[in-house]
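Visitor: Note that the protein sequences, when read in sequence, are chains F and X. Just so we're aligned, residue 1 is where the first sequence starts under my numbering, counting upward by one. Just so we're aligned, residue 1001 is where the second sequence starts under my numbering, counting upward by one.
Hints are supplied without guarantee of correctness; some may be wrong.
In silico EDC-like pairs for lysine to aspartate or glutamate, Cα to Cα no more than 20 Å straight-line [to be verified]:
id : chain 1 : residue 1 : chain 2 : residue 2
1  : X       : K1100     : F       : E72
2  : F       : K151      : X       : E1113
3  : X       : K1069     : X       : E1086
4  : X       : K1103     : F       : E167
5  : F       : K128      : X       : E1113
6  : X       : K1122     : X       : E1143
7  : X       : K1210     : X       : E1177
8  : F       : K129      : X       : E1086
9  : F       : K151      : X       : E1111
10 : X       : K1122     : F       : E110
11 : X       : K1122     : F       : E86
12 : F       : K129      : X       : E1111
13 : F       : K108      : F       : E134
14 : X       : K1122     : F       : E40
15 : F       : K8        : F       : D34
16 : X       : K1095     : F       : E110
17 : F       : K25       : F       : E40
18 : X       : K1100     : F       : E167
19 : F       : K87       : X       : E1091
20 : X       : K1100     : X       : E1022
21 : X       : K1103     : F       : E120
22 : X       : K1122     : F       : D23
23 : F       : K151      : X       : E1114
24 : X       : K1122     : F       : E120
25 : X       : K1069     : X       : D1039
26 : X       : K1156     : X       : E1121
27 : F       : K87       : X       : E1114
28 : F       : K151      : X       : E1121
29 : X       : K1103     : F       : D112
30 : F       : K43       : F       : E29
Rather than coming from a laboratory, the hints here were simulated on the basis of the structure.
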Amino acid sequence: MPNKNAIKSAFESMMFIWGEPLDAKTAAEVVQIDKKTAYEYFKELQREYDEAGRGLAVRETDGAFRFVTRPENFDYLQRLCTPVKEKRLSQAALEVLAIIAYRQPVTKGEIDMIRGVKSERVVEGLMKKELVEEVGRSNAIGRPVLYGTTKSFLRHFDFESLRDLPEIEDIEDAIHEPDRERPDEAEQITFLQ
Amino acid sequence: MAYKVKIDNFEGPFDLLCYLIESAEMNIYDIQVSQITRDYLAYTEALRLCDPALGGEFMVLAASLIELKSKMLLPRSGAAGSAAEEDPRSELVMKLLLYKRFKSAAALLLEREERAGLFFEKPAEDLQPYTNEPDEYLRMDPERFAQAFKAFLGRKQRVDEVRSIYARAERQQETTEARMSLIKNLFSLKRVSRLRFRELLKREDDRFEKVLTFVALLEMVRNRTVRAKQNSGFAEITVELCEKEEPAYAE
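My request is simple: use the sequences and hints to build the entire structure.
Guide: So, in structure tokens, the structure goes:
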């Protein structure tokens, strides 16, 4: 079995050529080591790049890794090639996205209730941007669609995983009212095929 | 119009209510219902003047506020000081707090999005050149290789054939120059110095022909062989032959 440095070096080359986030699991299969070790090696690479202040940085999204440019170099890159800035999300879109992110899986009805306003169009817009997706159906009357966030969402906001979402003061107390009917999630959700 | 901008600033009735409570420097747990209802109604009234189709959601909350206000006027039922007696405002407060939390979550996301906008990544590479497995071609025996080459030659021949037809077809189409002299001839044939654009066209002309005539006409206007006049948009275009061609532009 190749030594650790050789494997890490291989991971660097693989990330370089892959472009898309490279799943630690895929990489582990290629070099034939276990997934957990591969993940640790990626994390080590990430630290090393950060500590050395290299022009590239390693970013994780949901167990997959990719090279990005170092944020500190933003100004230089802008001067070099004026990269197109993506249009930022509207306030309404951010509100709906926050509700879906923190409360998923969630129905449109619940979103509307929290915002006090219809959110149908906004949800559609977020679906088009692939930031949210249908994740199943609730067992409530009419079997409304449940929504959740996507990997693109994590990537767009640079979250490593959903656990990485910033804590909001008391949000848990506020969203789980004690008298609210909420059967076990496993029971409640029927996954789409 | 100035109000319209305001509407866009509020994401819904809760947003507006939160804003009013904050600007009145009121404690959210101790809302002065009568004052806030007055403010809210005045605000939505103003919004409605500019946008009659203002969302029904705003009206629903207005109704709830008025109901709440009337409840606050009534003496609390049951024994005075009963701790179990619920404040009629508590439901609204819960809703507002919930909304506010997600609003601040949205602000966090925005911050996060801005930070994530500071670095760039490469789009996924086209891995085709690496996955084509060139080995396969080398393993091919000479006969199959010759066959493949023959097929390639055959295809090239067919493509050339199609191309030659295509080229012939293009040569048959008229040039702007030819059309220009045709138009000039039309003037001398009819012995007039003025024609309507419609008269330059033949009934059976297809779109290409019409466009060609028009382009030819534009060209003639440019080198001052003719003058064209149109009194209004989509009106008839009158084409008039110039007295004398400018020698500089003559052919």
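Visitor: Sort out which numbered hints this structure fails and list those numbers smallest first.
Guide: As far as the earlier hints go, 1, 6, 8, 10, 14, 19, 24 and 26 are violated by this structure, in ascending order.
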